[in-house]
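A.B. asks: Single-letter residue listing:
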Amino acid sequence: MAGKSKAEREALERQNAAITAVFERAGFDYIAPDIIQPADIFLERSGEDIRARTFVFTDPAGAEMCLRPDLTVPACRYHLSHAEKPDEEAKYCYLGSAFRFPNEHLSPQEFLQAGLEWFAAPDAAAAEARVLKLAISALEAAGLTKFRVTLGDLGLFSALLEDTPMPTRWRNRLKHHFWRPHAFRDVLESFTTNRSAKRTSISALIDRLAKDPVADVVAQEIESKNLPLVGGRSLEEVAARLADKSADRSEAALDQAKADAITGYLNIVERADNLEGVLNRTDCGRNFNEARKYFQKRLAEMEELGLNAKRFEFKATFGRELEYYTGFVFQIEVETADGFVAVAGGGRYDNLLTDMGSPVPVSAVGCAIHTERLKAVLA
Amino acid sequence: MKVLTLAIPSKGRLMQQASAVLETAGLSIARAGAERGYRGQLKGIDGIEVAFLSAAEIAQNLREGKLDFGITGADLLWEKSAAEENLVSVLAPLNFGFANVVVAVPECWLDVASMADLDEVSESFYARHGRRLRVATKYLNLTRRFFAEKGVTGYRIVESLGATEGAPAAGTAEVIVDITTTGSTLAANHLKVLDDGVILRSTAVLAASPAGLNDPRAALLQNSLKKPE
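Protein chains in written order, with our numbering: chain U, 22 to 400; chain S, 6 to 234.
In short, the hints are calculated from the structure, not lab data. Yeah, the Cβ is synthetic: ideal placement off N, Cα and C, and Gly gets one too.
Where chain U lies over chain S, by a calculated footprint (3+ residues, C-beta under 8 Å):
no.: 1; stretch: 112-119
no.: 2; stretch: 128-137
no.: 3; stretch: 151-163
no.: 4; stretch: 168-182
Keeping only pairs whose Cα atoms sit at most 20 Å apart, straight-line, the calculated EDC-like set for lysine to aspartate or glutamate is:
no.: 5; chain 1: U; residue 1: Lys219; chain 2: U; residue 2: Asp269
no.: 6; chain 1: U; residue 1: Lys196; chain 2: S; residue 2: Glu128
no.: 7; chain 1: S; residue 1: Lys7; chain 2: S; residue 2: Glu54
no.: 8; chain 1: U; residue 1: Lys196; chain 2: U; residue 2: Asp281
no.: 9; chain 1: U; residue 1: Lys331; chain 2: U; residue 2: Glu354
no.: 10; chain 1: S; residue 1: Lys143; chain 2: S; residue 2: Glu62
no.: 11; chain 1: U; residue 1: Lys25; chain 2: U; residue 2: Glu393
no.: 12; chain 1: U; residue 1: Lys246; chain 2: S; residue 2: Glu170
no.: 13; chain 1: U; residue 1: Lys279; chain 2: U; residue 2: Glu183
no.: 14; chain 1: U; residue 1: Lys396; chain 2: U; residue 2: Glu356
no.: 15; chain 1: U; residue 1: Lys219; chain 2: S; residue 2: Asp200
no.: 16; chain 1: U; residue 1: Lys396; chain 2: U; residue 2: Glu31
no.: 17; chain 1: U; residue 1: Lys396; chain 2: U; residue 2: Glu29
no.: 18; chain 1: U; residue 1: Lys314; chain 2: U; residue 2: Glu324
no.: 19; chain 1: U; residue 1: Lys336; chain 2: U; residue 2: Glu354
no.: 20; chain 1: U; residue 1: Lys219; chain 2: S; residue 2: Asp201
no.: 21; chain 1: U; residue 1: Lys196; chain 2: S; residue 2: Glu154
no.: 22; chain 1: S; residue 1: Lys143; chain 2: U; residue 2: Glu85
For reference, chain U alone in the conformation it holds in the complex (with noise of 0.2 Å):
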């Protein structure tokens, strides 16, 4: 369909001005973040796989520009060029369109997206709590009456692997690759073994740092190849990550249990109330244990606000494919004749601020409605 019907458009309208409604009446201040932006931002924190789907365009200057993939990054911009002290509360609330190239499951090239982002706000479990509050009540003004809400927290991932005994570069490399869980699964099992059996090209050259320093052998080896420095990285860096990966033979194994404790945990789905049982029963240490309670500081303030948290579903996976967040993640679905639809989510992103520039970290949390797909299901 090449655009909407009067009638559609007035419909869909009146859907969004009573979701704008709710965010304005609890002191979001309703902004329009530029629909063109800078690709460089975009492109830079969500890497290939988004950039494909960014419509991207050079202007007449030679710089990449492009119509905005979604809004949170446009909003972070807008508080920080308009913001005085970045780190300082501000509310923002938004409707506006966003732009992506179909993907095969032959989404829409543009849609409508209604949101809010929440930035520096003074209670970190409180504000969590709100958004979803905020998502969910503006939902019903549009008239949702049935949904169901996944619940995610990336903050319990980290805390476990905090407590889980291992050199600091195999736990960065775990967290990176949480968000693949074949990766994810190969780089722990590698870890439990710790045996690179596998030799590779550069093997030889690792078992010479058990004799010799690792800048000597680099050294040499740039020196006797003659091979030209190009490819933007120092001979340093290349040197620190040949000892490292020369440390890392002898390196102690990880637990297997210990493993099994991390595979156990994001094995877990279950209602929000059953949770605390669950995670009972992982071996845990200190962080885990004031992971946990914040989760159920953050379930208790949701209770307060009046939302059936106890029935959410708890999903330790839930976060994967959304590689900003940083903590609280949820996503609001409604059922249909071809499976769920995702209609809202939203959660916590303490480190986009800071990647965008900004001088002070900024925590963030905020959610965004697919306006268009909540018209459809509400239809």
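The hints should help you fit chain S onto chain U, whose structure is shown.
C.D. replies: Relative to chain U, chain S alone:
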């Protein structure tokens, strides 16, 4: 009988080898008519017209169903159409145009042997330099698919339409995805192929769009051009 179109590369070694393969199979091309040079008639199978196009255009036009058959490189074919889309089918691999599409990094990256290494480096590169690793290539789709399959996400593609192997030295990219036959161009530019960095082992292929595939002449072409066992 509807006339079908078989496209073959319009110039260079690929054209010569494609013509030779057809010739050997007893299917010579009679060039004739006003469009002399760019159109011809296939002798040996009735109702097949020959068009001369660039290898890339052949892959694109097969994808769009504008051609029935074509001889082109597997690299170009799979760059234009993902196999799971089922938009094109390979009727027969041919005995020429051997080359690999590979991921190559600077040889001075002594710590990088595999795609997993590249993934790690891409993370630390971003943390240290504040920008993504750049991959120079003309194979945008093959690269995206392969990197996704290997779980490498922290990179950006820089489209390159020639002399891709020079990109790292020129400072316009750190990594390349390119086609190579002997590897000598890569070596001359001090680039090395990753252990698991072969994306595609390519040859010239006879391919068909669905319209071509469903015609009995597909089998005739296929049988004529199939490599002898």
